[in-house]
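**Q** Fit chain B to the given chain A structure using the hints.
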Amino acid sequence: MTGNVIQVSGLHKAYDTPAGPFPVLKDVDLSIAPGEFVAIMGPSGSGKSTFMNILGCLDRPSSGEYVLDGKAVSTMSKDDLAGVRGGLIGFVFQGFNLLPRISLEENVALPLVYSHVEKEERLRKARVMLDKVGLGQYAKSLPNRISGGQQQRVAIARALVNSPHLILADEPTGNLDTKTSEEIMALFEELNREGITIVLVTHEPDIAYHAKRLVRFRDGRIVHDGDVSHAQHDDHGEPAISPSTLLGTEGSLS
Amino acid sequence: MIYTLLGQAWSAMGANRLRTFLTMLGMVIGVAAVVLMTAIGQGAQLAVAESINSMGANLFIVLSGSTTSSGVRVGTGNAPTLTVADGDAIAALPGVAEVAPIHPGSAQVVYGNNNWNTSVFGVTPSYLDVRSWPVEAGLPFTDTDLRSVTRVALLGKTVATTLFGDEDPVGKTIRIRNSPFQVAGVLSRKGQSLDGRDQDDTILIPLTTAQRKVFGTSFPGSVRLIQVQASSPELMASVEKSMNSLLRQRHRLRDNQDDDFAIRNLTAVADSAAETTRIMSLLLGAIASVSLLVGGIGIMNIMLVSVTERTREIGIRMAIGAKESDILIQFLLEAIVISVAGCLIGLVIGIGGALLANAIANTTVVISGSSVLLAFGVAATVGIFFGFYPARKAARLDPIEALRYQ
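Residue numbers (the numbering used here), protein chains in the order written: chain A, 1 to 254; chain B, 1 to 406.
If we strip away everything but chain B, and leave its shape as in the complex, we get:
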């Protein structure tokens, strides 16, 4: 029976191919748009999530603060108010997982005939844990290197390729500001940061070496910034609070004095970036859904025309024994066949378009089974929903009126 009905729906669709095609086109465009937009939106979310992960999770940056001398206030990070000892004190706070004091700077780096200006970070071994940044070749430096102020360096991927090309850098000697450093290892690729900087254009050296032998400091042991990792996202707020009071106490600030440090919550930045892309992909999906809705209305429109056009046929079918439900199913099935066929074509075009965007524009796309299933389900529902009214109209026709219809 269902086979017969499908055959009837097929021949009815074949009777007016152009119209069937145009009706289907509404569904095709709607579904293709939903699939493509969801793929691109989820791709953007994935890209943001990756760059957030590359930064490290649950991170604070504590910056040394500004001071005022002779009425001139210098910006954050310029006064040597933070020390390694501050970092050690923070590490002892509850809820703090890792602390990495950093002394950044930039320097000209030379290897053989090549030279390159890059940022040089004086860090402790825990920095690699905080950033979740593994060493790809060679070994990381250790607390021993820190204590004995050795001249060893870890190269970021970009620096390694710029200076060494195809050569293996591990064990070679480079010159940073004319001091020789041995390359202990090469860091794995990290990619771009959220603000677009190349995170691999970096050299890491022991903090003590940076302070005493490369950049020098105003006070022994001072650092420009400290990265702090909380042990869980829930503890971020309490850690921020206790860090603040700890540092005020250690720096002997009176109640009416401003902080001489600044605490930045990087998770908040990451969260807002993630939220932005989430809203963007939601918006894309919503706009695409509108075209699916328009496609559905197109089906309803054509089915209404079709019912009017075939009033006489409906009358004949009723006269020879068709029940209301037979007529209802016949027209509903036509609407469903059109929407499902349009949906399948739309899926193919949508997935193809997403793959094409990936191949040509190198856009990150995510084609998830759930979003494809969802688009398919919605399209089928749209077909049934918008097909139902015309089908019911057909089924409710008075057979005598229908037979008389010219």
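With the rest of the complex left out, here is chain A:
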């Protein structure tokens, strides 16, 4: 029980709607130990995004316990949550979310601004991280100068710059082609080998198989939790995610 990076128990989340509270997460329990590589899957509206937002301290549960690295996050103040986001967690988004007007090294250094690191030190660490993801030579470029896959590498460098214990990736390959997706997943696997805990949300089974453990959400509950190898079996019993669903949720692709 103790020593887990993530310890979630009895987690509920409901949104207030005109028609009354609408439950999104119902009694979710999950523990993730240090060094795990977890993929979260599930159809749209299954609650997986809400769950990720709560894990990432961007949202708070309606009830239930969430302990991150031994800290009871669910009772923290807004400012403390901001500190947790900046120091313990690294985010990787589907849309890369780099700031377009500043250079790549400044983008990578941005989290350090909010943890009050001196400018010299910030840029030094940022360059180390850019080298790590193989983009050191583009340090001074603007984000629109490089490809999507490269932008996602920069985003990963940014997530790593504060040496977090946990990386949360929300559809990190959703905007990338298959080959680039494989490269990004290889990078995640490498980071995981270095001991960083990774939790990623994805639609694509191919991507999920890079993880070691698969958690499947449906209607606000965890319906499957086990090794990825077993999940492959289970997958036959479930309808695959259809292209139409994909287009429905990611209409911006067209």
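Because the hints were derived from the structure by calculation, they are not lab data. Backbone N, C-alpha and C define an ideal beta-carbon position, used for all residues, glycine too. Treat the hints with care, since some could be wrong.
With the C-beta cut set under 10 Å, the calculated list includes, among others, these residues of chain B facing chain A [as the list claims (entries may be wrong)]:
{"hint": "1", "residue": "Thr4"}
{"hint": "2", "residue": "Ala15"}
{"hint": "3", "residue": "Gly95"}
{"hint": "4", "residue": "Ala97"}
{"hint": "5", "residue": "Glu313"}
{"hint": "6", "residue": "Met318"}
{"hint": "7", "residue": "Ile320"}
{"hint": "8", "residue": "Lys323"}
**A** Relative to the frame of chain A, chain B by itself:
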């Protein structure tokens, strides 16, 4: 940290230069207007104060009054009802500092080939004190001149230059109504009076000389007007009252008879002139302040647009660890940088415009450090005030909503 934040504000402003410039322009115009209008308003006040001082402080003019003969009433100053003796009696009243009886007239004045028609005032030596009007060259005449009815004259600056040009008038002889007068001295420059007359177009001669040798009087010792100076502004009212009863008594007026003299309080005229310019400069400042306010609203408007436009950026910053206060300071700083930069440019333009008005239109302007500081302070406050709401709006964004914003 503050350096980093300023750098961020700078790059955010640089990202949309035209918009930043236009926003700044509101501040620039506002501050320039305040500085320029205050400079001109205070300049006008100064000009009025100077012409009031040139007239003399705490002054009354006592005019000889009107009389009625055969049903015809003549206007004030035309009946010979005031005398030098009245003046001496007034001088003995408490609160009276100086008394200067005056017998004015105008005369043709000749020196060499030049001649000139000017006003000639018969005065006593105390007149120069009452008007605070020093002699620039030569010497003033004295009580001895008054007693011995000498023909000496003090020339106003305008008369001196008109008659003598570059020549030194002191000691020369001029002719006033064909009587020779020796020029004892030249008066310093006084400038225009409040009603625009040239106060330097004047010759002063001893009162007795004016009465007996130049203009003549209906009764010996009568004067047209007496200037009286009270010793302090507070005593003006009591002096006016006691003068009034003194003169009624001396002139043996019955209760049902009108005054045969008139007392004018010149300070009241001066005060209303000063009040007028004060209100004018206040009004100018108020109108200019409105443009400063409009500039501030412009900043608020643009900052609100900017917050909406950069919602996603705010979301990203929050996701990677920015606190509410970090976001608040970031946007507040942008508003302050815009307003302070606009303010500095506005100060330069405002001061430049004031100096230009001074150089081209010869307008009196006063650029005081306090008004510049005030404009700067107000502009910075406007920046903070109007920047605060958009900045708070940014800081209060929900990070999830902000990240989802397209």
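**Q** Starting from the hint list further up, note which numbers the structure goes against and sort them upward.
**A** Per hint list: 3, 4 violated.
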